[in-house]
Every structure is written in C-alpha cells, then in structure tokens.
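Starting from the two chains in their separate frames, assemble the complex, guided by the hints.
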Amino acid sequence: MTAPATTLTETQQAALIRKLTALADDEIILAQRGGEWTGHAPILEEDIALANIAQDELGHAGLYLELRRALDGTDPDALAFTRSADEYTSARFVERPKGDWAFTMLRQYLYDAYEALWLDAARHSSYAPLAEVASKAFREERFHLQHTALWVERLALGTPESLRRTQDALNALWPDVGQLFQAEEGEAELTAAGILPDLGAVKARWDGLVVPHLTVQCGLGLPPAGAEQPGRGHHTEHLAPLLDEMQRVYRAHPDAQLW
Amino acid sequence: MTVTRSPLTTQAIWAALATVPDPEIPVVSVTDMGMVRDVQIGETGAVTVTFTPTFSGCPALHVIRDSIGQAVRDLGAAEVEVKSTLTPPWSTDWIREDARERLREYGIAPPAPAEDGLIQLQADATRCPRCASFDVRMTGSFGPTLCKRLYVCDACKEPFEGFKSV
Chain A
1 MTAPATTLTE TQQAALIRKL TALADDEIIL AQRGGEWTGH APILEEDIAL ANIAQDELGH
61 AGLYLELRRA LDGTDPDALA FTRSADEYTS ARFVERPKGD WAFTMLRQYL YDAYEALWLD
121 AARHSSYAPL AEVASKAFRE ERFHLQHTAL WVERLALGTP ESLRRTQDAL NALWPDVGQL
181 FQAEEGEAEL TAAGILPDLG AVKARWDGLV VPHLTVQCGL GLPPAGAEQP GRGHHTEHLA
241 PLLDEMQRVY RAHPDAQLW
Chain B
1 MTVTRSPLTT QAIWAALATV PDPEIPVVSV TDMGMVRDVQ IGETGAVTVT FTPTFSGCPA
61 LHVIRDSIGQ AVRDLGAAEV EVKSTLTPPW STDWIREDAR ERLREYGIAP PAPAEDGLIQ
121 LQADATRCPR CASFDVRMTG SFGPTLCKRL YVCDACKEPF EGFKSV
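Each protein sequence line maps, in turn, to chains A and B.
Just so you know, UniProt numbering puts the end of the first sequence at 259, numbered straight through with nothing missing.
Just so you know, UniProt numbering puts the end of the second sequence at 166, numbered straight through with nothing missing.
For reference, chain B alone in the conformation it holds in the complex (with noise of 0.2 Å):
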C-alpha cells in the first residue's frame, strides 16, 4: 500500500517548523526564536533549510538541526539538508513578539532591545516577569544555559531568569 501525501510546499514546511520547539525553552518553537532563515524546495523535491544558531557554544545546536530535519522528513521530503549560516549574526531582537510574552508567563524576562557594538560594563534594565517591577538584582550574570542571567525581584521576592539581549 502507498501513502499518498499532497506536494509538499514551503509554507507546509514552515508550518511544521513553528512545531519544533527549542529543546532548552520549551515554551519557544525554532522559528519563534527566528532561528530559521529560509526555506528552499529543489527541482528534485529535495528540501534546505537555513538556521542560525543563538549561541556559538549551544550545546543544543545538535539536538535543534537533528529536530528540523527530522520535521521536514516527516512531511515526506525524501531528501533534507539543514544548513546553517552566521550572516546576519542572530540577535535577540528576532525573538517574535508573541513569543516574548510567553517567555514572560513561562517566568523568563524577555530581552531588552539588542544594543550592537557597544562595548559597557554595565549590564540592561530587566522588568520582574511575574510582578513586572524594575526593583530586580542580578544574581548571576550567567544562567543555566547560554542564553539567560538569574535575577532576584526584590518587589515580590521571587527569583527569576532573563534571556540576554544578544
């Protein structure tokens, strides 16, 4: 018996892509973080997806490029390749805004606008994601992962991480 399955189209495949969660940020699809650049079908059907990583050293760089293959395979693309590029460099000013307030109720204060080639010592103005105060403390500049810094909101008590702006 075949299955037979409608031609497969870019927007299906994008589709598919916004299913694909950041293993890291649940909350969060591949595309929702603006990780994926551009979606080409070939003559022969064969599909390249262009991503971008977040960070250099994400350990889930992998584990992202394994998903979204493995997506548009199960859309029946017979021939898949994820390519992945560092122009332009990702900022997380590409984090789509619907995506940013379910960071907030997930409790992750969303990045501040990406300021570029400025070299400070100082450190952006992050708002409490549960109570919304700026009366926060920065508790470790580096989180978790990559990605993210530990704050404390001094306003409601509670401890909470917040993506870099990058």
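Only chain A is shown next, with the shape it has when bound in the complex (with noise of 0.2 Å):
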C-alpha cells in the first residue's frame, strides 16, 4: 500500500524536501550543460536529440519540483532561477563545463544509467507522489540511455582519437560519479520507510550495468575510483557562472508573465 503525504513525520518531511531539490538540482544543472550545445553539435540530428534529453530533464526537475511544491508550496520557478549557488545542492559531476563531444556523451550516459535505475526503484515508492512522477519519467530516461549508450561504444571503438577523448572523459568524470550515489542527511530513514531507493542497491544494479559495458564491450580502462566525497553543498567554480547565465532573463524581468 502506498502512504499519503500526511503520514510523513516532520524530520522526513524536510529530508525528503532535501531530497527532490537535489533530485531537481542535478537534472536542472545538466539540462543546462545540454543545452549549452544547441546550434553547436557536430550534426544536427545530435543537436536535437541534447536539446530533447535536456527538455525531458528540465521536464523530471518539474516533477520533482511539483512535489516539493506540494509539501511546502514553494514555486518551482523560483527555486530554479532565484537561488544562488550556494543554495543549489547539485552533484560535482554535473556542474563541469561541457568538455568535447566525448565527454558530453559519456557524462550523460553515466547519468542516464543512473537515473533509469534508481526511477526504477522510485516505482515502488511507498510515498505515492513519488511512485508516480518514477513511473512517468521511467519511460522516458530509458530513450535516453539508449542514446547515449550507443553514443559512448561508437565514440570507444571508432578512431584512436575518439577513443583517446572518450577514455580521457572516463578519467575525468569516474571520481566524481560517487557523489550522485551519495545519501543526503535523513536519507537513510526515508529509505527504510520504503520512501526512497536504496542508493546501495542501485549502485549495485548500476556497477552491473555500466561497468562491463564500458570496459568489455567498449574497451575503456576503469581509472580508480575517487575518495570520499564531500556532500552537496561543496560545488565546483563552474556553477556560478553557469546560474549566471541560466538565471539571467528571469532575475531582469522577475515579474513577467508571459515568456
């Protein structure tokens, strides 16, 4: 049986708050890095398809939004383009600029794989709302990693230099990647109450997917993994700039209506 949002005790309340705008947070920031290829990606079929992937995020960092809205009625709108960086709580991984093809395609394959597992768990989310925003965007993150899967085996076994760029990407994004299976403060009671997906085992389900097929089928060396990472609220130089950008529009005309 799923639980009503009143069953939710204050302290999971304000973890699970936590929570979706960290959920929301990532998918905004990496919209973001998306979209920063429009009108340049190397043909236009891949300039459509990261403007289609970054709308679908921006349209999973709604739904989260949506259900933050319902638990303390914050705007989404305002979430999104009013907070600075330090209140963002965005992983590492998806503040770094851009990179080359290869490590767009790769970062976003590590990030597609990630977020179709742990929607997955979210399905049987003992909290409704949740349930039901996974299920929805389930459907949808599975076009995602399909693309981007194909993207990074082509880019591994094509040229020593795509190769070269693609192993490179690897070693660069491979420390960081943790942070996203990282648990936020007051997670752990969430996940017992059948709230949340257990980071661990979606973790597992993760390493089973991934792993062999960047090193078995595409041939890439796994660098070691990072040490411990610091939590959310430590963010790269990059992200500033980056709300600068995103935010600007809204913050000169904070009161339009119509966009």
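Source of the hints: derived by calculation from the structure; they are not laboratory data.
Misleading hints may appear alongside valid ones.
Going by beta-carbon spacing under 7 Å, a handful of chain A positions derived as facing chain B [stated by the list, open to error]:
#1 I48
#2 Q55
#3 D56
#4 L58
#5 L63
#6 E132
#7 S135
#8 K136
#9 H147
C-beta atoms are modelled at their ideal positions from N, C-alpha and C, and glycine is treated no differently.
Printed below as a string of structure tokens:
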C-alpha cells in the first residue's frame, strides 16, 4: 500500500524536500549543460537529440519540484531561477563544463544509467506521489540511455582519437560519479520507510550495467574510484557562472507573465 | 438578448474535446491521443477535465491545457478546471486505432506496443509509413518533438518520423 503525504513525520518531510531538491538540481544543471550544445553539436540530429534530452530532464526537474511544492508550497520557477550557487544542491558531476563531445556523451550516459535505475526503483516507493512521478519519468529515461550508450560505444570503438577522448572523459568523470550515490541527510530513514530507493542497491545495479559495458563492450580502462565525496554544499567554481547565464532573463524580468 | 443553450452534458464536452488538436501533430486530437482521462460536471455546473501529459517536458502542455479549457468554455461552461494527473502514466498504447491510421497517412510511423519496465539498449522495430517495409534505419533517436524519432526507409528511400513507444 502507498502512504499519503500526511503520514510523513516532520523530519521525514524535511529530508524528502532536501532529496527532491537535490534530484531536481542535478537535472536542471545537466539540462543547462546539454542545452549549451544547441546550435553547436557536431551534426544536426545530435543538436536536436541533446535539446530533446535536456528538455526531458527539465521536465523531470519540474516533476520533482512539483512534489516539493505539494510539501512546502515553494514555487518551482523561483527555486530554479533565484537560488544562488550557495543554495543550489547539485552534484559536482553535473556542474563541470560541457567539454568535448566525448565528455558530454559519457557524462550523460553515466547519469542516464543512474537516473533510469533510480527511477526504476522509485516506481515502488511507498510515497505514492513519488511512485507516480518515477513511473512517468522512467519511460522517458530509457530513450536517453539507449541513445547515449550507443554514442559511448561508437566513440570508444571509433578512431584512436575518439577512443583517447572517451578514455580522457572517463578518467575525468569517474572520481566524481560517486557523489550521485551519496545519501542526503535523513535519507536513510526515508529508505528504511520504503519512501526512497536504497542507493546501495541502485549503485550495485549501476555497476552491473555500466562497468561491463565500458570495459568489455567498449574496451575502456576503469580509473581508480574517487576518494570520499564532500557533500552537495561543496560546488565547483563552474556553478556560479552557469547560474549567472541561466538565471539572467528571469532575474531581469521577475514579474514576466509570458515568455 | 440572451442566448439560451441546452444544458451541458459530459457527452457534449467529450465531443468538443475530440475536436481539440494536438498542437504538435494536428491530425490527431487530444482524445485520440488518450490524453483526456475524465470529465465531470459539478452540481453548480462547474466542469472539471482531468488530463494526463504525454511527455513530462512537452513544451506544448500549457497550450493543450489552455485549448481544453477554451473548448469547454466555448460550450457555455462558466467555470472550468483543467487538472492533470500522472496516474496511471500515459502510454502510446492509449492512442486510438483510427488515430494510428491517421498518423501513418500523415507520414508518422505509429508506435509499437509499449513495453513496461525493461531497460534495454535496443530500439523497437518500425515499419515505413509509406511503403510498409521494415527495411528502415533510425537516423536520429530524437526527432523534432519529444515524442518522435527520425528514420529513413531503405526500400522507398523516403525519410520519415516514427512515434516512440512509451
């Protein structure tokens, strides 16, 4: 059976708000990085594909922030467009500059695999509104994963140059990826209550899917895992300039009704 | 002068909604797509339409919401609420059979039956909407809208769009 919002304790509610915001923040920042390719991708089809993926990720961020709105009444647009870097809770993994095409595709792939598996598990959340959102978003996320998995393969098995770039991207990204699987404050209690997926189980499935694909299928070498990650309050220097760019229009016209 | 109208029925509302086109694929309506879940008329005559979004990031959602509201107001309803629900999640299996045929005639390959829950790295088989051949290549796994992919048919050499199976 699924539980209505009213059965959440105050601590659970605060922890869920933190988690929903972290999930949304990752999606917003990654979507912004993906959107930076608009008009610049190597071929038209990929320009369109990345714009599509970014649009989906923003859609998912919207779903998470609507769940948050139901808990504390905050406006999703205000959260996205008025919080400063200090208030954002994105992972450093999604903040890094878009890099080259191999970096962009590999990051999106590692993220898509994480998101698809997290959503798959969240479909069984005991918190009905989250289960609904996850069921919706999961169907869309599969397409991202199919797309980026194929690109990683194509790049790794392509030319020596594309292989070198893909390996460089993996070396750069691998130490950061663990932050996606790090629990937020109070998350353990929500997991115990069946409200949130068990991150350890999601990570195990992720390893089972991604590691053989990268090594056996794509012939890439896994770099050593990163050290323990600091919390989501610790950002890269890349977040603030990204937010400046992303929030410029909203901040200039805070009362605009039509875009 | 007052205009007298026949009392509003849910049947009339459904019929009106059947004429509201999908803004991105105008050959099908919002009811053809299975987006309208429920129509209720309250005791005071206030109308509530429940609809479900197709893709969560679809930029046409607010246009769809506004067109649904307008279509009901055009029938004379004073108060209209358009609610959205995610449960159960929309699936391309809900697109009506005759609408699939219209999609095909319009040049968009209708979706294959949706699979639930499988994480697989392979795409579904798709048939060319023009010559019905399966000898097709996907040239873009994302198309001009969130719901479509791009293909080329190797039999008749025509490019076409295909609906994703969601």
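Report the numbers of all earlier hints that the structure fails to satisfy, in ascending order. none
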